[in-house]
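**Q** Sequence:
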Amino acid sequence: MKEAYEPQTVEREAQQFWESQRSFHVGEDPARQKFYCLSMFPYPSGKLHMGHVRNYTIGDVLTRHHRMRGANVLQPMGWDAFGLPAENAAMANRVPPAKWTYDNIATMKSQLKSLGFALDWARELATCSPDYYKWNQWLFTRLFKKGLAYKKTGVVNWDPVDQTVLANEQVIEGRGWRTGALVEKREIPMYFLRITAYAEELLAALDRLPGWPEQVKLMQKNWIGKSEGVRIGFEYEMQDQKSVLWVFTTRADTLMGATFMAVAAEHPIAVSASRKNPELQAFVEECKKGAVMEADLAQIEKKGMPTGMFVTHPLSGEKLPVWVGNYVLMGYGEGAVMGVPAHDERDYAFALQYQLPIKPVIRHPLGDTVPPPWKSEYAEHGVCINSGPYDGLPFEKAVDAIAADLKAKGLGEKQVQWRLRDWGISRQRYWGTPIPIVHCAACGDVPVPDEQLPVVLPEDVVPDGTGNPLNKRASYVDTPCPSCGKPARRETDTMDTFVDSSWYFARFACPAQDKTMLDERANYWMPVDQYIGGIEHAILHLLYSRFFQRAMQEETGLMRGVDEPFTNLLTQGMVLAESYYTDAGGRREWVNPSQVEVERDADGKIVSAKTKDGRPVIHDGMGTMSKSKNNGVDPQELIEKYGADTARFFVIATAPPTNTLEWSDNGVAGAYRFMKRLWSFGAGFGRAQGAGVNPSSLDAALKAARFQIHAVLRQANYDMGKHQFNTVATAGNKIFNVLDELPRDDAARALLEEGFSILLRLLSPITPHVTHHLWRELGFGEDIMKAAWPEPDPKALEQDEVELVVQVNGKLRGSIRVPKAADRAAIEELALTNANVQRFVSGQQVKKVVVVPGRLVNLVV
RNA sequence: GCCGGAAUGGCGGAACCGGUAGACGCAGCGGACUCAAAAUCCGCCGGUGGCGACACCAUGAGAGUUCGAGUCUCUCUUCCGGCACCA
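Using the numbering used here, count along the first sequence one by one with no gaps and you end on 1056.
Honestly, the hints are just simulated from the structure, not real lab data. Don't take each hint at face value.
Unchecked claim - Straight-line C-alpha distance at most 20 Å; calculated EDC-like pairs for lysine to aspartate or glutamate:
id, residue 1, residue 2
1, K304, E835
2, K871, E382
3, K710, E646
4, K604, E430
5, K308, E214
6, K602, D617
7, K346, E382
8, K824, E773
9, K347, E529
10, K667, D655
As the list claims (entries may be wrong) - For each label pair, taking beta carbons as the anchor points, the in silico distance ranges come out as:
id, residue 1, residue 2, range
11, D435, R668, 53 to 61 Å
12, K197, T1028, 55 to 63 Å
13, K710, A301, 39 to 47 Å
14, S240, G916, 32 to 40 Å
For every residue, glycine included, the Cβ atom is placed at its ideal position computed from N, Cα and C.
Given these sequences and hints, build the entire structure.
**A** Written out as structure tokens, the structure reads:
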């Protein structure tokens, strides 16, 4: 073995070994426990960034650990290859998106390989390949025939100069990113997937996902947004026509306290009333302009204007004025609310603003006779008052009674309202899955029949930014109707790329399958046992995938009982780095941290920083690695300088996987130092003899060392189980430090071998290359991946004597060594003999003695 | 505004059930080796007092429960994340 650690050589050899052994290739094996470990697949943007390295290292640690524990582990990799950046790059470089994408895939694949991930590349897929997106199309046509996919109009951002639809991220301050033209809203026909049909199930099943972070489940719950209430009708007459204004409320119990109605600016009543009222029309227009997205709108002033119309209260017959209110949203419920100022914060503010009456109908804890004017609304549930027949009823009974009475009059019923909307999947873009529909003048929208799938996207196109290039290709657009054969037009919209990523996990189970979307191999591998990725996908990607899993079950008949695609979810934290800038005449010029030298005071705090060529820079603190702050660290440079094992060890050891990870060049150097120490320890180790440890031949010091090694191992295995990988890595440091202190003599030899064998196996999921090399080179075995995961020896953890801490009144005063079997009385007596303990106890009455076996003694005086 | 989560040395972080706070690493300081530097190795490393044994203080702030609280309960502060004026 060489004296010097050369990571490049070691890693190349290990990777060649795995390649030649097909070490990561897996198949179905019903006899073994399967484990499907999946990291979110990357978008092939060019090259890997640190977030990828972190994500895939976490997945690889889990994969290799489960393998060594005997599971049949699948860890695949693929490419989320459709999407807008490819079109942007195409315009900038005049390269077809397909070529740009495939080139990026080649680069990133070689980077992933250089990191030594245990990936089964035989299952690689790219969503832009017709073999893959054919099944997007197939599933779409199935859902279309069932009515779970349908067409309706949707609103898009329209750039009037480029004559093209813009994605939200292409709209910058209301203007098109390329043209700077004011963006218009346009209504165009789009296809939707009826995810709302699954709303109830998607919500309820969250409670059956104990392996998901609570935070993610809560975000999904809020997104689905179920509220139970009552739909209530208020009758009115307009131009002698009887009509009903419908509202939705979760507080039907306060119906008797309604003193006005408020409708959204877009509501038909507002629109028709504004026709003969220019002032109202101006107000309606103003409301429509107001942005309705930002959270700070929660505090904007309530504004409104009366329409001059009145509706009839369905139970009291009272006439209530109808107002247009800027706080009522057309997109939720009925676009109208009943105003109950006494018991709703917004209604209260509105009523105050316009001197509308406030009528309390729920008993206030301070008493029924709260004198007007009210100081604030009272929004808690309570008992009805001032409500005629409903007086004295608590919330639920009042809602039931009122709903029943409304139903009898045909003016209301209980209703469940959802926030979740159907999923609009049409994108007016070129680089995506073609929507398999043909528009025929005679037959309407005809789904492309199975035998004509896939509808192949031409790959030689270079978009120019004006409209969808597919529209300009007659050979693509003109096609006979699959139904009647007459000339027809092919749909040119493509699918949202979230469709691609909503089922790739199942497809990984079924490589090289060209007859069906999935096959029975999905039954073996699904569900994904461990899914790893960023929290930014907490809502959309994960919700859509849960929806698709259910749709796939129904359409393929496979994966019965597997309703949820991801059993356990780990959301890894972001990677942060220091950022620095120079002040270039009021403008910040960001300097990459690799170009900065830092000066610290005696405490290690940064006092000043300058560039390597001496210009002073300002330290801006830790932030997400980003292009805009120029603080990214290139994984490639890191691997070339230190090797993949160092990068992997740093990323794992520095922070728990769910925390943010603060980049530190010194930290990386520390990880490298550990790799080098490990290496030189191995270089001086000699060949393993394989003689086991004979515990009775160990002296006290060696016994203590062995205890430490096994105690650290026990803790490391516990930490591994709860995915706290940072302390598993540092357990490697601890065991190494123990081994490094051991004498190099015959008495210690067997323990040295046992300890090193444990250390190498424990570290192998984190730093697979160096451990692979040392394992083989030192004669521990052929292939460390095939070795058993180390378990602590219970005998090594037995101790004849234990150290107990002695406390007086809960404060640490000394420690004693007692035989393991010592009884309470003996421990008490020994504790009292301790000199320092005596100082605090003497002359006082010992009132109580607490003995925690194996831990401590507490004397209460 | 509402809903989550977090707060421990100069820094990242550790501390399983309430039981020795600060493991491991980074930075820093001192030393060895060297003509010198790098690399490597050894020692110190929360604060205050003390020659020392040791004592006191200390896990964002304040209370509480307990023999004993970083850990449990309540109130507050700050930071991070999510969102929907959702009727």
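**Q** Is the hinted pair K602 and D617 satisfied, with a Cα-Cα distance of at most 20 Å?
**A** violated (29 Å)
**Q** How does the Cβ-Cβ distance of K197 and T1028 compare with 55 to 63 Å: does it lie in that range?
**A** holds (57 Å)
**Q** Kindly confirm whether 53 to 61 Å is satisfied by the beta carbon distance between D435 and R668.
**A** holds (56 Å)
**Q** Does D655 lie within 20 Å of K667 when you go C-alpha to C-alpha?
**A** holds (13 Å)
**Q** Does the alpha-carbon distance linking K346 and E382 stay inside the 20 Å limit?
**A** Since the Cα atoms of K346 and E382 sit roughly 13 Å apart, the hinted pair holds (cutoff 20 Å).
**Q** Is the hinted pair K347 and E529 satisfied, with a Cα-Cα distance of at most 20 Å?
**A** The hint holds at about 19 Å.
**Q** Verify the proposed pairing of K304 with E835, using a straight-line Cα cut of 20 Å.
**A** At roughly 16 Å apart (the allowed maximum being 20 Å), E835 and K304 satisfy the hint.
**Q** Taking only the CA atoms, is the gap from K604 to E430 under or equal to 20 Å?
**A** holds (11 Å)
**Q** Taking only the CA atoms, is the gap from K824 to E773 under or equal to 20 Å?
**A** holds (9 Å)
**Q** Is it true that the CA of K871 sits at most 20 Å from the CA of E382?
**A** violated (63 Å)
**Q** So if I understand the rule, the pair passes when the alpha-carbon distance is 20 Å or less; does K308 with E214 pass?
**A** With a Cα-Cα distance of about 10 Å, the restraint between K308 and E214 holds, given a limit of 20 Å.
**Q** Within 20 Å, alpha carbon to alpha carbon, are K710 and E646?
**A** OK: K710 and E646 at ~11 Å, within 20 Å.
Violated hints, listed in ascending order, are 2, 6, 13; each of the other numbered hints is respected by the structure.
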